[in-house]
Amino acid sequence: MTERIGTASRVILRGGEGAFVPVVTLTALILVVWYLACPPMNAVLPQLANVQGLGERYLVAWGLERPVLPAPHQVIVELYNSTLGTRLFRQTAEGMVLNPRNLLFHAWVTLSATLVGFAIGALLGIGLAIAIVHSRVLQKSLMPWIIASQTIPILAIAPIIIVALGSIGLTGLIPKSIISAYLSFFPITIGMVKGFSSADSMQLDLMRTYNASRSVTFTKLRWPAALPFLFASLKVSISISLVGAIVGELPTGAQAGLGARLLSGSYYGQTVQIWSALFMAAILAALLLALVSLAERLTLKAMGARR
Amino acid sequence: MTTGMAIDIRDLSLTFETADGPVYALSKANLAVKPGEFVSFIGPSGCGKTTLLRVIADLEKPTSGSITVNGVTPEAARLGRQYGYVFQAPALYPWRNAEANVMLPLEVFGYTRDERQERAKRYLAMVNLSGFEKKYPWQLSGGMQQRVSIARALSFEPALLLMDEPFGALDEIVRDRLNEQLLQLWAETRKTVIFVTHSIPEAVFLSTRIVVMSPRPGRIIDIIDCDLGEKRTLDIRETPEFLKIAHRVREGLRAGHSYDD
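As you go down the protein sequences, you meet chains A and B in turn. Under the working numbering, think of the first position of the first sequence as 14, with each following residue one higher. Under the working numbering, think of the first position of the second sequence as 398, with each following residue one higher.
Treat the hints with caution; some may be incorrect.
[What the hints assert, rightly or not] Below, computed lysine-lysine pairings styled on BS3-like, alpha-carbon distance capped at 30 angstroms:
{"#": "1", "chain 1": "B", "residue 1": "K431", "chain 2": "B", "residue 2": "K458"}
{"#": "2", "chain 1": "B", "residue 1": "K531", "chain 2": "B", "residue 2": "K518"}
{"#": "3", "chain 1": "B", "residue 1": "K431", "chain 2": "A", "residue 2": "K233"}
{"#": "4", "chain 1": "B", "residue 1": "K458", "chain 2": "A", "residue 2": "K314"}
{"#": "5", "chain 1": "B", "residue 1": "K532", "chain 2": "A", "residue 2": "K314"}
{"#": "6", "chain 1": "A", "residue 1": "K314", "chain 2": "B", "residue 2": "K518"}
{"#": "7", "chain 1": "A", "residue 1": "K207", "chain 2": "B", "residue 2": "K431"}
{"#": "8", "chain 1": "B", "residue 1": "K518", "chain 2": "A", "residue 2": "K233"}
{"#": "9", "chain 1": "A", "residue 1": "K233", "chain 2": "B", "residue 2": "K532"}
{"#": "10", "chain 1": "B", "residue 1": "K458", "chain 2": "A", "residue 2": "K248"}
{"#": "11", "chain 1": "A", "residue 1": "K153", "chain 2": "B", "residue 2": "K431"}
{"#": "12", "chain 1": "A", "residue 1": "K207", "chain 2": "B", "residue 2": "K641"}
The set of hints was computed from the structure by calculation and includes no laboratory data.
Okay, chain A solo, but in the shape it has when bound (with noise of 0.2 angstroms):
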């Protein structure tokens, strides 16, 4: 019993030592070039022109109102003001609803679509996996489609898919979820096929000694021996599902979502705002991140991996 806490809190003095400090370092590290990255990356604007003392100079490019490179500071305030100063809901003649000047709102928005996309991705990209380790004439057939399509850059194909979902009636979430899912699903397949394939040829050939049938062999063989390859495609493809559901808002003028908002900033030189925005972004897939790794943890261990 001593032993097991020793061991716990060696554990946690070694994460300690080992992960706190270089991220720690590598953070300020990256604050100091960010703000000594300001005067310079915004000399062009007037009111640098005449600012002539160093400590001036930063002291100006630090504080500006619509700067080309704003403070990291600056970001975090808009963040602090566009979230938890801003009112979460309003009313409306339709009673409570999310505040659409709250930046949660719009994190809400891309976020809903991006887990749409990711659970369509996800089923598409497994289904397809499947099919293709079941089937040589599909592996054949299918695989050439499967490349092909992410050589297509997906801000190309963004409208088409947007106007010709919208012609069918259909806007808003879905239009970007599957764009989500046109872009997530391809990790997914890529992994799931050399998971599903990853049982060795005796394990294989134990369940061929059992007589047992094509499905039993996929849920007792091949499915929880491509568990490790799911999750690893699942922490690539949901990064991307997020980025698909921001791209999905680009080219529609939407009115709500990250996208939106990246969009709304770009055209009033709200630069704060633009970077507030992709801020709430990377929070949102380190967020998602973390989920997928901890049911990855979860489920691993409850598989009896070696810990």
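Starting from the known structure of chain A, fit chain B onto it as the hints suggest.
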């Protein structure tokens, strides 16, 4: 062709067609194994001993000749789940603990939950692994893992046990212990065992008959009776009878090799 034999092999040949031309894995093999026998296949690598075992298990199809397993074709025997197969490696599923690995065939065959648990407990006890039911493969030594795989092969009580160099990857001390345990297991269960090995002492110690094979083409060159009695201990390996049989096996292996060195 029902003969009352556990295994009846006549003029069995198997040729693999490869890019470099045909490989004659088995050539005109003849062998009859009575129920309850412990028969070892011994020979250098490439002699077709594993291939012959895989033909019996219906994991390979012969090119010509005939074979019956428990009086039926190997395929019917496989479909009837009449044999348990132990591979060179334990081939345990790493996400299942020892007990769940033993229960795998029972799940596939649709045994009830109670039956599965009762049998897993019983057969893990039979291979001296009581108390290790909840351990995952990575928590077990190589010898323990192979014992779990033997328990798994026994769990659905097949009449025939096919073992493909099951102890080949283990060190000599562990191998000796497992050989003793296997012999004890065989005495208890009275199964027909076909055992592939490349160790002469192992073959002589375990078997009632030894099939000596040689490569290129893979063929049976000698079948040696090995009647050392029921109760064997490891000490038997020092006796003249044992050494005499071991000598004959070695002579056979040498003869098989003489012309291609």
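- [ ] Tell me, in ascending order, the numbers of any earlier hints that this structure violates.
- [x] 3, 4, 7, 10, 11, 12
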